[in-house]
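**Q** From first to last, the protein sequence lines are chains W, G and C. 149 is the number that this note's numbering gives to position 149 of the first sequence; each next residue is one higher, with no gaps. 148 is the number that this note's numbering gives to position 148 of the second sequence; each next residue is one higher, with no gaps. 113 is the number that this note's numbering gives to position 113 of the third sequence; each next residue is one higher, with no gaps.
These aren't lab readings, by the way, just hints derived from the structure by calculation. Here the structure is a predicted model, which means the values were calculated and not measured. All C-beta atoms in this analysis are idealised placements derived from N, C-alpha and C, irrespective of residue type, glycine included. Fair warning: there could be bad hints in the mix.
Reference listing, derived: stretches of chain C covered by chain W, where coverage requires no fewer than 3 residues with Cβ under 8 Å from a Cβ of chain W [what the hints assert, rightly or not]:
id : region
1  : 66-79
2  : 260-272
Estimated spans, in silico, between C-beta atoms of each pair [claimed, not checked]:
id : chain 1 : residue 1 : chain 2 : residue 2 : range
3  : C       : S76       : W       : R156      : 20 to 30 Å
4  : C       : V288      : G       : S130      : 51 to 61 Å
5  : C       : S78       : G       : H278      : 22 to 32 Å
6  : G       : E166      : W       : I166      : 31 to 41 Å
7  : W       : I166      : C       : P72       : 51 to 61 Å
8  : C       : E136      : G       : P337      : 51 to 61 Å
9  : G       : I131      : W       : N165      : 39 to 49 Å
10 : W       : R156      : G       : E166      : 18 to 28 Å
11 : W       : I166      : C       : P292      : 39 to 49 Å
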Amino acid sequence: MSDIEIVEDDVSLIVPIIDEAGSPKVRVRRRGRVTKWLAIGWLTFIVVSAIGANSLPYINHSCDQFESKLDCSTALNGSLKKIELPPTWAFFADPPKEPVGGGATHVGIMGTDRNGYDIFARAMLGARPSLTIAGLAITFGLAIATILGMIAGYFRGWVDVLIENITNVLLAFPALLLVIFCVTFFTDNTQSAASARPLWPIILALVIVSIPPLTRLVRANTISYAQRDFVVAARSLGAKGSRIMFKEILPNIVPALVSFALTGLALLIVAEGALAFLGLSVEAPTPTWGKMISAGTERLRNDVWWISLMPALTMFLTVLSINLLGDVLSQRFNTREAIA
Amino acid sequence: MNTRIQAATRQIDGPLLKVTDLRTHFRTERGLVRSVDGVSFSLDRGKALGIVGESGSGKTVLSRSIMGLLPSRNTERSGSVIFEGAEIIDRSLKERRKIWGREMSMIFQDPMTSLNPVMRVGKQISEGLSIHLGMDKQNARETALKLLYDVRIPEPEKRLDQYAFELSGGMRQRVMIAIALACGPTILFADEPTTALDVTVQAQILELIGDQRRDRNMSVILVTHDLGVVAGHTDEIAVMYGGKLVEKAPTRTLFANMKMPYTEALLRSIPNIEDPSHTRLNVITGRPPDLVNPPQGCRFSPRCEYVQPKCVTEEPPLLTAEHLDHVYACWYPVGSPVYREKRAQLDRQGSGATVGAV
Amino acid sequence: MAGSGKAHLRDSGDVLLRVEDLVVEFPVGRTGLKVHAVSGISFDVMRGETLGVVGESGCGKSTTGKAMMMLPRPNSGSVVFEGTELTNLPADEMRAARTRMQMIFQDPISSLNPRRKVRDIVREPLIIWKRGSSAEQLSRVDKLLEEVGIDPQRAAESQAHQFSGGQCQRISIARSLVLDPTMIICDEPVSALDVSVQAQVLNLLEDLKAKYGLTLVFIAHDLAVVKNISDRVQVMYLGKICEVAPSNSMYTTPAHHYTKLLLDSIPVPNPDVAVAKVTVQGEPPSPVLPPPGCRFNPRCPAADDRCRTEEPQVRQVADGHFVACHHPLFGGDAPVSVTTV
Chain W
1 MSDIEIVEDD
11 VSLIVPIIDE
21 AGSPKVRVRR
31 RGRVTKWLAI
41 GWLTFIVVSA
51 IGANSLPYIN
61 HSCDQFESKL
71 DCSTALNGSL
81 KKIELPPTWA
91 FFADPPKEPV
101 GGGATHVGIM
111 GTDRNGYDIF
121 ARAMLGARPS
131 LTIAGLAITF
141 GLAIATILGM
151 IAGYFRGWVD
161 VLIENITNVL
171 LAFPALLLVI
181 FCVTFFTDNT
191 QSAASARPLW
201 PIILALVIVS
211 IPPLTRLVRA
221 NTISYAQRDF
231 VVAARSLGAK
241 GSRIMFKEIL
251 PNIVPALVSF
261 ALTGLALLIV
271 AEGALAFLGL
281 SVEAPTPTWG
291 KMISAGTERL
301 RNDVWWISLM
311 PALTMFLTVL
321 SINLLGDVLS
331 QRFNTREAIA
Chain G
1 MNTRIQAATR
11 QIDGPLLKVT
21 DLRTHFRTER
31 GLVRSVDGVS
41 FSLDRGKALG
51 IVGESGSGKT
61 VLSRSIMGLL
71 PSRNTERSGS
81 VIFEGAEIID
91 RSLKERRKIW
101 GREMSMIFQD
111 PMTSLNPVMR
121 VGKQISEGLS
131 IHLGMDKQNA
141 RETALKLLYD
151 VRIPEPEKRL
161 DQYAFELSGG
171 MRQRVMIAIA
181 LACGPTILFA
191 DEPTTALDVT
201 VQAQILELIG
211 DQRRDRNMSV
221 ILVTHDLGVV
231 AGHTDEIAVM
241 YGGKLVEKAP
251 TRTLFANMKM
261 PYTEALLRSI
271 PNIEDPSHTR
281 LNVITGRPPD
291 LVNPPQGCRF
301 SPRCEYVQPK
311 CVTEEPPLLT
321 AEHLDHVYAC
331 WYPVGSPVYR
341 EKRAQLDRQG
351 SGATVGAV
Chain C
1 MAGSGKAHLR
11 DSGDVLLRVE
21 DLVVEFPVGR
31 TGLKVHAVSG
41 ISFDVMRGET
51 LGVVGESGCG
61 KSTTGKAMMM
71 LPRPNSGSVV
81 FEGTELTNLP
91 ADEMRAARTR
101 MQMIFQDPIS
111 SLNPRRKVRD
121 IVREPLIIWK
131 RGSSAEQLSR
141 VDKLLEEVGI
151 DPQRAAESQA
161 HQFSGGQCQR
171 ISIARSLVLD
181 PTMIICDEPV
191 SALDVSVQAQ
201 VLNLLEDLKA
211 KYGLTLVFIA
221 HDLAVVKNIS
231 DRVQVMYLGK
241 ICEVAPSNSM
251 YTTPAHHYTK
261 LLLDSIPVPN
271 PDVAVAKVTV
281 QGEPPSPVLP
291 PPGCRFNPRC
301 PAADDRCRTE
311 EPQVRQVADG
321 HFVACHHPLF
331 GGDAPVSVTT
341 V
């Protein structure tokens, strides 16, 4: 009998009876408390390390971390002795060449790359463009999508049709082509290759890509709230459309947006990695996760796996943590809804 | 009708269903919610029992707990449920599945959400027949059609190939009843079966459930908040309050001679169609108890007009009234000297204002 | 059922609201079909009166309530409130007019914004209309909250989901009173509540009505509740009016077969009152394709050919008792008109 099924977490059964004094929230015990804190811990670690990347006691080829040019070149020369050394914990891995002038054969928690730079330090430095690009893209994408989606969902009618068509056109346009176009068109090729390519063309590309799905999400949420009695009540009290949208509807759709935005953020981090693989991300020498991974792939054949794998692991853990956090938030949001 | 499937009617002495000290508690972050807290009753074959209570009284949880339909996580269940002479409370999920549909089935308040929106009605009815009774496709479809005739749905042939959204609310509930009756259950649990329906349709559905009960010699447990619904359609009524059974009696006895002040207050708070307009309604002040921290003593004592010091400290047991099949949980039941004294005192004061009574 | 006609409209006395030939239709997707939610009804409400509107789901009672507030504007017809025609008011004047007429909804929790503090919800109308200083606004809000039985301190700290259904309905009532309206439209205000709480809210509405001299339009499906609170009751079926009568005479001597069916269907909490055998089967047909003639004719035990072709008009059968039926339970058959509608 399809109609008789045990529903796990059927919160509706446990009618919340609220006592006179308090405001207790009835919530059933849930899994994933430990993973939530692990995820938050990892993300905090990444963000703090990215900000302080230049203070890390490793050579990452950013002369910012040295007092003077001379110190920098000395350090860089020193780093040449440590080319492609495996991480300290990887006792099973041998370096392809003995370090020049002897010394340790295993260096750092992630090893070193072909220039002798520390991979952990570069991964943290690389978190900066990766997180900045993804974070800014999702922020702008969300802001634009919220306005478009709420207008479409609240007013409906021809505005809705217009916005729907715009998002359809954006969706139909091949995303990769759009990104290649943005990056090549907006980049000034006359400048020397060494100067960093600006971030904004790639952010622009990712914003455009993220607008259609976010707009649809906002629109759907707006429609469902616009039919609730409290919105009708606000209208009957004489509130104007803009006031209803921002004071009544927006606070209700924010939780859904935040959890969806986190998923989007994770997707965009991966997307940036993919673009770097195609040589479309920011220009050398700034490391990004995607570029580090792609740079190490050719060395995989020679059993030098850490150059690719370590930044890949960093990206993997970050994306996983963001997704877990998004899950926790959306679960929280759903439970609130079920009870409220 | 002659091909109607009946559950094997093993002849067993004693009641069909005997529930003893059933407790169902849910672990929540706030603490243990004692939704059902020591309920005992028994039900004979072919009888209709009404379980009446307000939201949060535990009536829905009680019916699901008897069937074993609650999720196991965060749930504590104890006591005894003896069905056809066998203990079923400790049965595994696999064993319980054998009972569902064939021995016990349930219809719910909202027929729209309990029907599968993407499956044709006929398929939903015949599914149980093929799973539980091993019927072949043709046979199951014919039986499904018969069931639709039984539940008096208009144009049953047409309905077999329709989807739930194409049916009206009343027809959906008829389909739900057909699904529930398909494998010839011995007990039908009806959880607020008419609350989502219009009043003229409600009368039809209640009559249908009653007719099917008599035709099939099936027991019915009718869970509802509406005393009017149970009055006309049950043999016995159990009143629940705060997770406890507070009064149980044959329907006529209960209405003629209710003992529990809560039952009386509940009945008196319903607007009576016989009274002229603007008749002041009797209210029960306050709200149902918090099932995490239920009040000491009698759970109704904080809201009871006739409360005495003993009610606040000592929990009343289930006592037997003049009729042996009438039990109630009250120290000073309706009609007792203490009750009469307090009633007279209240009448002298006049029923006061009730604004802001929450 | 029934019918059009305006025989039951009153010309004398203090008429607060007068609705004539109200029509509300909704398109069904892009099919070109329409839901005939309300099909040309007329009624009026006197100042200080409580009008009960009763009927089953789909009869158009809630749509009527919302159309009175122009949410949305009706397709045609006239709504005159306090002497002002509302249907053609410009948007800004309509917003102002709505403050005189307030609404309470069925689902007490859904009608309060779940993300805002309850005290702010009740205060919101005063902020929208910039009435009084901040301190004045708060003192008015707190006074009203106390009057409906909600602790203002708790309201300042809590959101709607921290209150019970009955309390949320009290909060809605406080919000509807904050702008000092003349009329309150109550759309199924107690049907989501437990019976014990329902009685509290009904008594509260009666008390507030007396205290503030309110006029109520009380929309519900529960006949006993409607009878209890109303002075005059109007029965609706499939977007039309069946019967209008003073509350007491409607219930003792119903004239329309549909009213009788409704009354017979009420489950009475008394096992000695034999449960009447259901005489009328079926459900209201879809308001997309309402039947011609009297809309109740497919279910009516007294229907004849005339009922299937000619729409009955509202006419008086007893003092203040109006019915739209060719063959009512009392008062004699309707005179045959020369032109059929």
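**Q** With a cut-off of 8 Å between beta carbons, are at least three residues of the region 260-272 of chain C near chain W?
**A** Contact hint for the region 260-272 of chain C vs chain W: violated, 0 residues under 8 Å.
**Q** For the region 66-79 of chain C, do at least 3 residues have a Cβ located nearer than 8 Å to some Cβ of chain W?
**A** holds (count 3)
**Q** Can you tell me whether the CB distance of I131 (chain G) to N165 (chain W) sits inside 39 to 49 Å?
**A** Distance hint for I131 (chain G), N165 (chain W) holds at roughly 48 Å.
**Q** Please check whether R156 (chain W) and E166 (chain G) have a Cβ separation lying inside 18 to 28 Å.
**A** holds (26 Å)
**Q** Is the hinted range of 51 to 61 Å satisfied by the C-beta distance from E136 (chain C) to P337 (chain G)?
**A** Given about 55 Å between the Cβ atoms, the range holds.
**Q** With 51 to 61 Å as the target window, see if V288 (chain C) and S130 (chain G) comply at their CB atoms.
**A** Once the Cβ atoms are compared, 36 Å apart, the range 51 to 61 Å for S130 (chain G) and V288 (chain C) is violated.
**Q** Do the beta carbons of S76 (chain C) and R156 (chain W) sit within 20 to 30 Å of each other?
**A** holds (22 Å)
**Q** Is it true that I166 (chain W) and P72 (chain C) lie within 51 to 61 Å of each other by Cβ?
**A** violated (27 Å)
**Q** Between E166 (chain G) and I166 (chain W), does the beta-carbon spacing fit 31 to 41 Å?
**A** Given range 31 to 41 Å: holds, Cβ gap about 35 Å.
**Q** Could you see if the CB distance from I166 (chain W) to P292 (chain C) stays within 39 to 49 Å?
**A** holds (46 Å)
**Q** I want to verify a distance hint. Is the separation of the beta carbons of S78 (chain C) and H278 (chain G) within 22 to 32 Å?
**A** holds (31 Å)
Hint check: violations occur at hints 2, 4, 7; the rest are consistent with the structure.
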